[in-house]
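Q: Sequence:
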Amino acid sequence: MRIRPAVPADLPRLQDIERAAGEPFRAVGMAAIADDEPPPLDLLDRYRLAGRAWVGDDDAGRPVAYLIHDDIDGAAHIEQVSVHPLAARRGLGRALIEHLAGRAASAGLAGLTLTTFADVPWNAPYYTRLGFRTLMESELTDGLREIRRAEAAHGLDHWPRVCMSRTTEPAPRPAVPH
Numbered sequence: 001m002r003i004r005p006a007v008p009a010d011l012p013r014l015q016d017i018e019r020a021a022g023e024p025f026r027a028v029g030m031a032a033i034a035d036d037e038p039p040p041l042d043l044l045d046r047y048r049l050a051g052r053a054w055v056g057d058d059d060a061g062r063p064v065a066y067l068i069h070d071d072i073d074g075a076a077h078i079e080q081v082s083v084h085p086l087a088a089r090r091g092l093g094r095a096l097i098e099h100l101a102g103r104a105a106s107a108g109l110a111g112l113t114l115t116t117f118a119d120v121p122w123n124a125p126y127y128t129r130l131g132f133r134t135l136m137e138s139e140l141t142d143g144l145r146e147i148r149r150a151e152a153a154h155g156l157d158h159w160p161r162v163c164m165s166r167t168t169e170p171a172p173r174p175a176v177p178h
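Just so we're aligned, residue 1 is where the sequence shown starts under my numbering, counting upward by one.
To be clear, the hints were calculated from the coordinates, so they are not data collected in a lab. Any given hint could be a false lead.
Unchecked claim - DEER-style ranges, computed between Cβ atoms:
1. Gly61 <-> Gly91: 11 to 21 Å
2. Gly108 <-> Arg133: 17 to 27 Å
3. Gly61 <-> Glu139: 39 to 49 Å
4. Gly108 <-> Gly155: 30 to 40 Å
Virtual Cβ for every residue (Gly too), placed ideally from N, Cα, C.
The whole structure should be built from the sequences, with the hints applied where relevant.
A: What follows is the structure in structure tokens.
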């Protein structure tokens, strides 16, 4: 997989990836998340123009995963990372996150942050495996508190959510049994 900056022609495909990546939420009783609209094209384009939209593409150069991010309170905040289910379990999400970690370290940012669902297996438990830890309420920055307020206003607090962070150091790889 090649990680590259998103280009204008990718943006509708990013919406398709988001819709497809939302479908598994139905199986865990979160149909409203599956039905949520993907980011609008103009918002995706703002991330692209700011150099904050990355794609992982397949062998044909077609995006199958993407990540968009902001800089929030001295950290690279992952606004969204999504992998098309047909390309899942190949390390694409991890690769995009590690790519961002490298860029954040080069930019002098201390770490990565994100918000996610606490109890969805491919959310907080996945990020924990990538070296993220759940932040206590007292550890939240003003920017993270504002993000959480916006998420609550959007109805995401119907299910438990957490803020997580990690350093920009590469996540440890899982041990391979002999």
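Q: For each hint, tell me whether it holds in the structure or not.
A: Here's how the hints hold up against the structure:
Distance hint for Gly61 and Gly91: a CB-CB separation of about 19 Å, consistent with the stated range 11 to 21 Å. At roughly 21 Å, the beta-carbon separation of Gly108 and Arg133 lies within the given 17 to 27 Å, and the hint holds. Taken as a hint, the range 39 to 49 Å holds for the pair Gly61 and Glu139, whose Cβ atoms sit roughly 40 Å apart. Against the hinted window of 30 to 40 Å, the Cβ-Cβ separation of Gly108 and Gly155 comes to about 35 Å, which satisfies the hint.
Violated hints: none; the structure is consistent with every hint.
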